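A.B. asks: The task is simple: from the sequences and hints, build the whole structure.
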Amino acid sequence: MRRKRICIVATLPVVLKIFMRDHVRSLSRFYDITLITSGDSEDVKELMFPNVNYISLDIPRRISIGRDVLCLFFLVRHLRLAAYDCIFTLMPKSGLIGMLAGFMARTAVRVHIFTGQVWVTKSGLFRYFLKLLDKLLALSSTHLLSDSHSQKQFLIDGGITKESKIQVLGHGSISGVDTSRFTRIADARHLLREKLGIDESALVFLFLGRVSREKGVLDLARAFERLANEDATVHLLIIGPDDDDVDNELRTILSGSDGRYHRQGFTDTPELWMSASDIFCLPSYREGFGLAVVEAASVGLPAIVSRIYGLTDAVKDGVTGVFHLPGDVSGLYSCMKLLNGDPSFRLLLAQQARTRVADFFSQAYVTNEMTSYFQNILK
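To convert, note that position 149 of the sequence shown is 149 in the UniProt record's numbering; the numbers rise steadily by one, no gaps.
Worth flagging that the hints you see were computed from the coordinates, not collected in a lab.
A hint or two may mislead.
Calculated cross-link-like contacts (lysine-lysine; reagent style DSS-like; alpha-carbon spacing at most 25 Å) [what the hints assert, rightly or not]: (1) K45 / K4; (2) K162 / K195; (3) K379 / K165; (4) K165 / K4; (5) K337 / K379; (6) K337 / K316; (7) K17 / K45; (8) K4 / K379; (9) K379 / K162; (10) K195 / K165; (11) K122 / K135; (12) K135 / K165; (13) K165 / K131; (14) K17 / K4.
All of these numbers come straight from a predicted model, not from anything done at the bench.
C.D. replies: Written out as structure tokens, the structure reads:
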């Protein structure tokens, strides 16, 4: 009997490595898998399990009509020739092109997972246009996934899709948390603090992710600067690539923090920086779920996050973290001051955060949910 074939398409290989490694390993036991993304085979070597193939296709992240059309034609032709049983996409651009190609090639099962909407932070005609593209993506699919329940409801309320077409795996998250990896590492805490000149008793706020305006890093900087003027022992650690040319603005805002602002670029060992910190901050304007929040929770960090869809699934208010309104610097400052001034509450949140991740967001649980989902739709 012929093994069924799944084509997985993503714009960037790093997305496949971060979110799909265990899913690919599990699915490849039952299906032949082809990964299509940019880069070369070296970029996806961690995913090359038995029964997994790779094809390079440079899908631009931003709108580029000429290149987008070429990618669409390539995918349509490839899907027809390879006769896949299913195409599965993640990320906005690869989702749109992949779902359209699957529809045109008449691939029987076409699945896209939503992990956040670009148009949420836009306005006017451009917002309308981007929202229309998501509707087109949804119409071209046969099945849809959302990585959080609140995002699912947002998409339904926004007219992107119908409730009967979209599901959430378990309690949410695209890949879950490797709790054996994301655990507090005492040596890392000591060594990194020593390297950065941070006292063992100091309180460290951490942001880890794409450093951009829509992630709220400028709001975080302003709130921290206000707190730092009141408490000389607090530190702010921002980790991740500058995705929006904001580093100069961050330095300007935090110029009065007297060496208590620490900046590092991309890291492939986030668990080490989480171990060196005390509180995780994500004052974002849009998130599909907020995987880094639950990874930090697994390490034992309570969270301060904005009250937006996605993050309301990752954090339980007053149980694993606290919320502020998006863009509300004063509210963010109040949350930071609260957790800075109440160690017992902070410890309680940390303990409950670890427990909640183990109960609802473990990698093994989410991987099993994903594999069962595909086995059900590919019967």
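A.B. asks: For every hint, state whether the structure bears it out.
C.D. replies: Results for each hint:
1. Using a Cα cut-off of 25 Å, the hinted pair K45 and K4 holds, with the two alpha carbons roughly 23 Å apart.
2. Note on K162 and K195: the hinted pairing is violated, with a Cα-Cα distance of about 52 Å set against a maximum of 25 Å.
3. The suggested pairing of K379 with K165 holds, with an alpha-carbon distance near 18 Å, which does not exceed 25 Å.
4. Simply put, K165 and K4 have alpha-carbon atoms about 23 Å apart, close enough for the 25 Å limit, and the pair holds.
5. Only pairs whose Cα atoms come within 25 Å are accepted, and K337 paired with K379 is rejected, the gap being roughly 53 Å.
6. As the CA atoms of K337 and K316 are separated by approximately 19 Å, the hinted pair is consistent with the 25 Å bound.
7. Proximity of K17 to K45 is assessed by CA-CA distance (about 9 Å); at most 25 Å being required, the pair is judged to hold.
8. Of the supplied pair hints, the one linking K4 and K379 holds, its CA atoms being roughly 10 Å apart against a limit of 25 Å.
9. Proximity of K379 to K162 is assessed by CA-CA distance (about 23 Å); at most 25 Å being required, the pair is judged to hold.
10. Taking the CA atoms of K195 and K165, the gap is about 51 Å. The hint is violated against a cut of 25 Å.
11. For a cut-off of 25 Å, the pair hint linking K122 to K135 stands: about 16 Å separates their Cα positions.
12. Restraint check: the Cα-Cα separation between K135 and K165 comes to about 13 Å, which is no more than 25 Å; the hinted pair holds.
13. For the given pair, K165 sits about 18 Å from K131 by alpha-carbon distance, which is consistent with the 25 Å threshold.
14. Using a Cα cut-off of 25 Å, the hinted pair K17 and K4 holds, with the two alpha carbons roughly 23 Å apart.
Of the numbered hints given earlier, the model fails hints 2, 5 and 10; all others are met.
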